[in-house]
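*Asks:* In case you want the letters, here they are:
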Amino acid sequence: MSGIYIHIPFCKQACHYCNFHFSTSLRYKNELIAALLGEISLTKDFFPEAVKNAGAVETIYFGGGTPSLCTKEEIDAILSQISASFEVAAGAEITLEANPDDITEERLLQWKDSGITRLSIGIQSFFEEDLVWMNRAHNSSQAWNSLQLATKYFDNITIDLIYGTPGLTDDKWKQNVDRVISLGIPHISCYALTVEPKTPLQKMIREHKLADVDPDHQSAQFLLLMTWLADAGFEHYEISNFAKPGFRSRHNSSYWKGKPYFGFGPSAHSFDGESRWWNIANNTTYIRSIEQGAIPYEKEVLTPVQQVNEMIMISLRTLEGLDTSRLIQQIKGIAQDEILRMKQTILEESARYISNGLMVREGDWLRLTYEGKLLADGIAADLFFD
Amino acid sequence: MKNIRNFCIIAHIDHGKSTLADRLLQQTNTISDRDMMDQVLDDMDLEREKGITIKSHAIQINYKHADNKDYVLNLIDTPGHVDFSYEVSRALAACEGALLLVDATQGIQAQTISNLYLAIENDLEIIPVINKIDMDGAMIEEVEDQIVDLIGCKREDILHASGRTGLGVDKVLDAIVNRIPAPEGNEEAPLQALIFDSVFNSFRGIIVYYRILNGTIRKNDIVKFVSTDQQYGADEIGILKLKMTERKEVKAGDVGYIITGIKNAKEVKVGDTITLAANPTPEQIKGFEEVKPMVFAGIYPVNTDEFEELRDCMDKLQLNDASLTYELETSQALGFGFRCGFLGMLHMEIIQERLEREFDQTVITTVPNVSFIAHTTKGETVQVNNPTEFPDPVKTESIEEPFIKAQIITKPDYIGNIMTLCLGKRGLLINQSYLTPTRVELIFEMPLTEIVFDFYDKLKSQTRGYASFDYHPIGYRDSDIVKMDILLNGDKVDALSALIHRSRAQDFGRKLCEKLKELLPRQQFQIAIQAAVGAKVIARETISAMRKDVTAKCYGGDISRKRKLLEKQKEGKKRMRQIGNVEVPQEAFLAVLKLDD
Ligand SMILES: Nc1nc2c(ncn2[C@@H]2O[C@H](COP(=O)(O)OP(=O)(O)O)[C@@H](O)[C@H]2O)c(=O)[nH]1
Ligand code: SF4
Ligand SMILES: [Mg+2]
Numbered sequence: 001m002s003g004i005y006i007h008i009p010f011c012k013q014a015c016h017y018c019n020f021h022f023s024t025s026l027r028y029k030n031e032l033i034a035a036l037l038g039e040i041s042l043t044k045d046f047f048p049e050a051v052k053n054a055g056a057v058e059t060i061y062f063g064g065g066t067p068s069l070c071t072k073e074e075i076d077a078i079l080s081q082i083s084a085s086f087e088v089a090a091g092a093e094i095t096l097e098a099n100p101d102d103i104t105e106e107r108l109l110q111w112k113d114s115g116i117t118r119l120s121i122g123i124q125s126f127f128e129e130d131l132v133w134m135n136r137a138h139n140s141s142q143a144w145n146s147l148q149l150a151t152k153y154f155d156n157i158t159i160d161l162i163y164g165t166p167g168l169t170d171d172k173w174k175q176n177v178d179r180v181i182s183l184g185i186p187h188i189s190c191y192a193l194t195v196e197p198k199t200p201l202q203k204m205i206r207e208h209k210l211a212d213v214d215p216d217h218q219s220a221q222f223l224l225l226m227t228w229l230a231d232a233g234f235e236h237y238e239i240s241n242f243a244k245p246g247f248r249s250r251h252n253s254s255y256w257k258g259k260p261y262f263g264f265g266p267s268a269h270s271f272d273g274e275s276r277w278w279n280i281a282n283n284t285t286y287i288r289s290i291e292q293g294a295i296p297y298e299k300e301v302l303t304p305v306q307q308v309n310e311m312i313m314i315s316l317r318t319l320e321g322l323d324t325s326r327l328i329q330q331i332k333g334i335a336q337d338e339i340l341r342m343k344q345t346i347l348e349e350s351a352r353y354i355s356n357g358l359m360v361r362e363g364d365w366l367r368l369t370y371e372g373k374l375l376a377d378g379i380a381a382d383l384f385f386d
Numbered sequence: 001m002k003n004i005r006n007f008c009i010i011a012h013i014d015h016g017k018s019t020l021a022d023r024l025l026q027q028t029n030t031i032s033d034r035d036m037m038d039q040v041l042d043d044m045d046l047e048r049e050k051g052i053t054i055k056s057h058a059i060q061i062n063y064k065h066a067d068n069k070d071y072v073l074n075l076i077d078t079p080g081h082v083d084f085s086y087e088v089s090r091a092l093a094a095c096e097g098a099l100l101l102v103d104a105t106q107g108i109q110a111q112t113i114s115n116l117y118l119a120i121e122n123d124l125e126i127i128p129v130i131n132k133i134d135m136d137g138a139m140i141e142e143v144e145d146q147i148v149d150l151i152g153c154k155r156e157d158i159l160h161a162s163g164r165t166g167l168g169v170d171k172v173l174d175a176i177v178n179r180i181p182a183p184e185g186n187e188e189a190p191l192q193a194l195i196f197d198s199v200f201n202s203f204r205g206i207i208v209y210y211r212i213l214n215g216t217i218r219k220n221d222i223v224k225f226v227s228t229d230q231q232y233g234a235d236e237i238g239i240l241k242l243k244m245t246e247r248k249e250v251k252a253g254d255v256g257y258i259i260t261g262i263k264n265a266k267e268v269k270v271g272d273t274i275t276l277a278a279n280p281t282p283e284q285i286k287g288f289e290e291v292k293p294m295v296f297a298g299i300y301p302v303n304t305d306e307f308e309e310l311r312d313c314m315d316k317l318q319l320n321d322a323s324l325t326y327e328l329e330t331s332q333a334l335g336f337g338f339r340c341g342f343l344g345m346l347h348m349e350i351i352q353e354r355l356e357r358e359f360d361q362t363v364i365t366t367v368p369n370v371s372f373i374a375h376t377t378k379g380e381t382v383q384v385n386n387p388t389e390f391p392d393p394v395k396t397e398s399i400e401e402p403f404i405k406a407q408i409i410t411k412p413d414y415i416g417n418i419m420t421l422c423l424g425k426r427g428l429l430i431n432q433s434y435l436t437p438t439r440v441e442l443i444f445e446m447p448l449t450e451i452v453f454d455f456y457d458k459l460k461s462q463t464r465g466y467a468s469f470d471y472h473p474i475g476y477r478d479s480d481i482v483k484m485d486i487l488l489n490g491d492k493v494d495a496l497s498a499l500i501h502r503s504r505a506q507d508f509g510r511k512l513c514e515k516l517k518e519l520l521p522r523q524q525f526q527i528a529i530q531a532a533v534g535a536k537v538i539a540r541e542t543i544s545a546m547r548k549d550v551t552a553k554c555y556g557g558d559i560s561r562k563r564k565l566l567e568k569q570k571e572g573k574k575r576m577r578q579i580g581n582v583e584v585p586q587e588a589f590l591a592v593l594k595l596d597d
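As you go down the protein sequences, you meet chains A and B in turn. Just so you know, we're using the UniProt record's numbering here: the first sequence kicks off at 1 and counts up by one. Just so you know, we're using the UniProt record's numbering here: the second sequence kicks off at 1 and counts up by one.
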């Protein structure tokens with residue numbers, strides 16, 4: 001069982017907050033798609049063990065960048081290359097990220113025809129002033145119209161919303177969430193606006209051209225969100241992800257369960273349970289390298305301690321929380337008594353969070369409460385081993 | 001002997017002492033232009049940067065005078081800060097004359113006056129020199145008036161010079177030869193040499209600088225240091241040119257160095273007398289004192305496991321700074337460290353910086369305090385150098401604190417500000433007198449503890465820099481001193497306790513709580529910061545719990561980066577100190593030193 005992630009590193013324009021790898025010039029798009037196909041077919045030569053152990057591909061995810069900039073032919077070519085190189089399970093989840101300005105009836109039909117089963121739409125906000133502030137390529141009416149249109153062709157839709165931006169009042173935040181609920185969208189990802197290093201947003205805040213984000217404002221909106229979506233029947237299955245029953249993202253869930261995945265395209269990460277490797281985050285270098293038959297990647301082999309730390313960090317973010325007994329099955333390269341000792345330490349350390357009301361424990365399971373979720377990083381770091 | 005002149009330069013900081021010294025060396029060709037580096041005499045990095053001379057040095061100038069005779073001029077450099085006034089007095093005692101150097105744009109400053117008095121007490125011939133006459137703002141006449149008023153000399157006796165351009169430097173050399181008396185003394189008498197300084201050399205051990213009053217010292221003599229009663233072989237002796245220059249003998253009247261293999265600066269006391277073991281002098285040179293630390297503070301390693309390393313460095317540091325004292329101390333908050341005694345706040349700053357620069361130690365310094373005397377109900381007298389030693393108030397009869405006499409010279413415009421400042425610091429005005437119509441001298445009696453923290457900075461800002469300050473201890477007086485503690489969520493932070501006058505506790509406590517509020521990071525729970533005297537809380541601040549500490553995205557490509565980020569965060573937390581359930585970063589322990597209004 002494994003997942004495949006395809007990184008399409010192109011965007012129409014750069015959103016101010018974004019630190020993903022992308023280019024706003026489409027000049028090398030053809031070559032890049034060719035290189036992507038090349039990389040997929042090279043993978044079994046470069047990582048034969050990982051491919052062999054991965055089993056059938058259950059999920060495919062087109063992310064970016066902006067995958068909706070790809071033509072139908074390009075999507076089809078990538079999918080058929082995946083089928084040629086991997087065993088793709090029947091009923092696989094195939095997600096495509098689409099931006100509202102790219103969504104038309106024609107494109108929706110094409111995606112259906114290509115076998116896309118799930119659409120992820122980057123709405124972010126329905127308010128014009130927010131979209132301008134973020135420097136998104138779409139406007140407020142495109143946000144609304146594209147979403148209505150998409151629901152005619154796809155049931156399995158997820159949308160992204162951003163909160164905690166200085167201009168987003170609690171009232172506007174509620175309107176954004178209500179609109180999504182009213183359309184019956186079954187999955188929402190909500191992100192607190194994060195000021196990432198080396199982004200235009202960071203620069204503008206530094207130069208006092210924009211107001212900085214206020215963590216108290218963000219946490220208040222997060223708490224509001226949790227109650228609204230719980231009332232609307234959503235499961236809060238990961239810090240930033242909410243789904244109606246049966247509509248969780250299978251692809252993203254596999255990251256959080258520590259399943260193996262392959263990432264293709266510049267900057268994409270892969271993981272086999274013990275090692276992680278990632279491609280160079282540069283389109284032309286990536287293309288040149290693949291043209292010469294080499295995947296340009298860097299790799300780290302996770303020590304058992306790093307594996308434990310990742311598991312703590314990731315699983316505390318999920319609804320199910322951290323199942324400490326899973327450490328024993330999942331952590332590789334460590335003696336039994338050692339991992340048992342670590343498990344014990346985690347359970348002991350958790351006591352103070354439980355008494356603070358940040359965590360609950362049931363047997364070997366540790367889960368964060370509403371308040372705990374807001375502090376997930378600090379709690380995870382405290383529980384880390386050196 | 002009649003061709004020797006021993007002199008020093010009395011000057012306020014920045015009035016141009018180092019520059020003039022450089023010029024004297026250059027004009028006499030003691031140093032070639034090629035070797036000339038600005039301010040040759042300040043050779044410790046720190047000195048150059050702070051623009052002050054911390055350790056005094058000496059240098060011999062060879063000068064062919066107009067009378068065509070060769071003269072040996074020994075220039076003895078003196079430290080320029082109140083913390084080191086004893087060392088200054090010993091350097092002056094090694095001279096027959098002094099250049100009184102006054103910046104033509106600034107006029108006479110307090111420090112200069114008190115050093116001038118020391119020089120006059122030591123019977124030195126004073127040669128007044130107005131410096132920086134090349135500057136536009138030079139007020140030559142006015143400064144001349146000040147000098148005439150102060151030392152009662154004739155206007156014609158005052159020289160004019162510019163260390164920058166070299167103008168008048170020949171006149172200065174002339175005056176040194178003509179006006180300063182040659183040393184007197186008997187080369188045949190028993191050896192009597194005054195130690196005025198010492199430096200540590202990692203290869204040679206301690207190098208002792210002295211001025212011979214009587215007798216002769218020869219290589220391989222067995223010498224005795226009178227106050228410590230220790231004997232040493234004179235492995236090497238010589239005179240102080242730009243570099244040490246070995247000699248077979250150094251005679252009465254001259255300035256020289258001796259190397260005996262001493263490794264610890266403690267054995268060498270400034271002001272002590274060197275004599276010969278075989279034929280000792282019957283008289284120790286007058287004026288010797290043991291230097292006493294005035295300010296105490298704890299010094300701790302940032303990481304508890306670096307204590308041994310710090311101990312090593314303190315040992316080494318003390319080898320070349322005997323005025324630093326320290327003993328082992330433990331703190332619940334900070335672990336093992338040292339309670340250190342310093343000559344003053346500048347000395348403390350210097351030690352801290354030297355630890356960082358020369359020894360690569362990052363340290364935490366705790367709230368500095370002066371030394372108090374406690375009288376218990378049982379009739380015992382206890383020296384209190386540390387808040388933890390402060391006796392239980394119930395068992396305390398009385399507390400005494402050290403007082404100083406502070407001398408401040410300023411423009412009349414600032415009298416009001418200075419009065420407000422000093423009275424606010426529990427000062428008592430003793431005298432006010434006009435030195436000239438534009439310069440007034442104010443004398444206060446004040447508790448030493450009040451000038452320990454931010455007095456200098458305040459004085460400077462209250463007078464726009466137009467005030468100079470000097471002080472001398474005048475003994476202990478009864479005082480209402482209390483111990484103020486800081487508590488974090490109810491747990492005492494011993495490293496932040498302070499000994500303070502009752503009337504100041506509330507204000508100090510409030511400021512400290514406010515500062516801590518700034519410096520403590522938000523944590524997962526609320527933190528109560530309290531200042532308390534005994535059981536009574538006198539100030540309080542609250543840090544609300546952190547509300548959000550979670551990143552938005554954690555997908556396939558984010559995991560690695562995020563893990564590394566959290567690992568780093570954990571690393572950072574490890575360097576914090578745990579007080580009860582509160583994690584305290586090192587900066588917080590320095591909070592007191594950063595208090596403002
Ligand atoms: N214009 C002028 N500047 C001088 C003169 N002598 C010293 N300075 C400057 O005054 C500052 C302090 O001089 P310095 O010799 O370090 O003073 P010290 O602190 O007494 O040793 C430096 O910037 C010098 O360059 C002078 O005669 N004329
Ligand atoms: S469209 Fe997405 S990937 Fe592209 S710049 Fe905007 S946020 Fe980043
Ligand atoms: Mg100087």
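Incorrect hints may have been included.
[Claimed, not checked] Straight-line Cα separation of at most 30 angstroms, DSSO-like style, residue types lysine-lysine; simulated pairs:
hint: 1; chain 1: B; residue 1: Lys564; chain 2: B; residue 2: Lys492
hint: 2; chain 1: A; residue 1: Lys259; chain 2: B; residue 2: Lys171
hint: 3; chain 1: A; residue 1: Lys259; chain 2: B; residue 2: Lys263
hint: 4; chain 1: B; residue 1: Lys570; chain 2: A; residue 2: Lys198
hint: 5; chain 1: A; residue 1: Lys198; chain 2: B; residue 2: Lys568
hint: 6; chain 1: A; residue 1: Lys203; chain 2: B; residue 2: Lys573
hint: 7; chain 1: B; residue 1: Lys2; chain 2: B; residue 2: Lys69
hint: 8; chain 1: A; residue 1: Lys343; chain 2: B; residue 2: Lys570
hint: 9; chain 1: B; residue 1: Lys536; chain 2: B; residue 2: Lys492
hint: 10; chain 1: B; residue 1: Lys266; chain 2: B; residue 2: Lys224
hint: 11; chain 1: A; residue 1: Lys172; chain 2: A; residue 2: Lys257
hint: 12; chain 1: A; residue 1: Lys203; chain 2: B; residue 2: Lys251
hint: 13; chain 1: A; residue 1: Lys203; chain 2: B; residue 2: Lys224
hint: 14; chain 1: B; residue 1: Lys574; chain 2: A; residue 2: Lys299
hint: 15; chain 1: B; residue 1: Lys573; chain 2: A; residue 2: Lys299
hint: 16; chain 1: A; residue 1: Lys343; chain 2: B; residue 2: Lys292
hint: 17; chain 1: B; residue 1: Lys536; chain 2: B; residue 2: Lys564
hint: 18; chain 1: A; residue 1: Lys44; chain 2: B; residue 2: Lys562
hint: 19; chain 1: A; residue 1: Lys257; chain 2: B; residue 2: Lys292
hint: 20; chain 1: A; residue 1: Lys174; chain 2: A; residue 2: Lys12
hint: 21; chain 1: A; residue 1: Lys174; chain 2: B; residue 2: Lys564
hint: 22; chain 1: B; residue 1: Lys553; chain 2: A; residue 2: Lys112
hint: 23; chain 1: B; residue 1: Lys171; chain 2: B; residue 2: Lys251
hint: 24; chain 1: A; residue 1: Lys257; chain 2: B; residue 2: Lys286
hint: 25; chain 1: A; residue 1: Lys343; chain 2: B; residue 2: Lys2
hint: 26; chain 1: B; residue 1: Lys292; chain 2: B; residue 2: Lys171
For the record, the hints were derived by calculation from the structure and aren't laboratory data. It should be emphasised that the depicted structure is a prediction, and the values quoted were computed from it without experimental measurement.
*Asks:* Each hint needs a verdict: does it hold in this structure or not?
*Replies:* Hint by hint, here is what the structure shows:
| no. | hint | verdict |
| --- | --- | --- |
| 1 | B:Lys564 x B:Lys492 | violated (34 angstroms) |
| 2 | A:Lys259 x B:Lys171 | violated (89 angstroms) |
| 3 | A:Lys259 x B:Lys263 | violated (66 angstroms) |
| 4 | B:Lys570 x A:Lys198 | holds (24 angstroms) |
| 5 | A:Lys198 x B:Lys568 | holds (20 angstroms) |
| 6 | A:Lys203 x B:Lys573 | holds (28 angstroms) |
| 7 | B:Lys2 x B:Lys69 | holds (11 angstroms) |
| 8 | A:Lys343 x B:Lys570 | holds (19 angstroms) |
| 9 | B:Lys536 x B:Lys492 | holds (13 angstroms) |
| 10 | B:Lys266 x B:Lys224 | holds (15 angstroms) |
| 11 | A:Lys172 x A:Lys257 | violated (34 angstroms) |
| 12 | A:Lys203 x B:Lys251 | violated (71 angstroms) |
| 13 | A:Lys203 x B:Lys224 | violated (70 angstroms) |
| 14 | B:Lys574 x A:Lys299 | holds (28 angstroms) |
| 15 | B:Lys573 x A:Lys299 | holds (28 angstroms) |
| 16 | A:Lys343 x B:Lys292 | violated (57 angstroms) |
| 17 | B:Lys536 x B:Lys564 | violated (45 angstroms) |
| 18 | A:Lys44 x B:Lys562 | holds (29 angstroms) |
| 19 | A:Lys257 x B:Lys292 | violated (67 angstroms) |
| 20 | A:Lys174 x A:Lys12 | holds (29 angstroms) |
| 21 | A:Lys174 x B:Lys564 | violated (35 angstroms) |
| 22 | B:Lys553 x A:Lys112 | holds (28 angstroms) |
| 23 | B:Lys171 x B:Lys251 | holds (28 angstroms) |
| 24 | A:Lys257 x B:Lys286 | violated (84 angstroms) |
| 25 | A:Lys343 x B:Lys2 | violated (87 angstroms) |
| 26 | B:Lys292 x B:Lys171 | violated (41 angstroms) |
Checked against the numbered hints given earlier, this structure breaks hints 1, 2, 3, 11, 12, 13, 16, 17, 19, 21, 24, 25 and 26; the rest are met.
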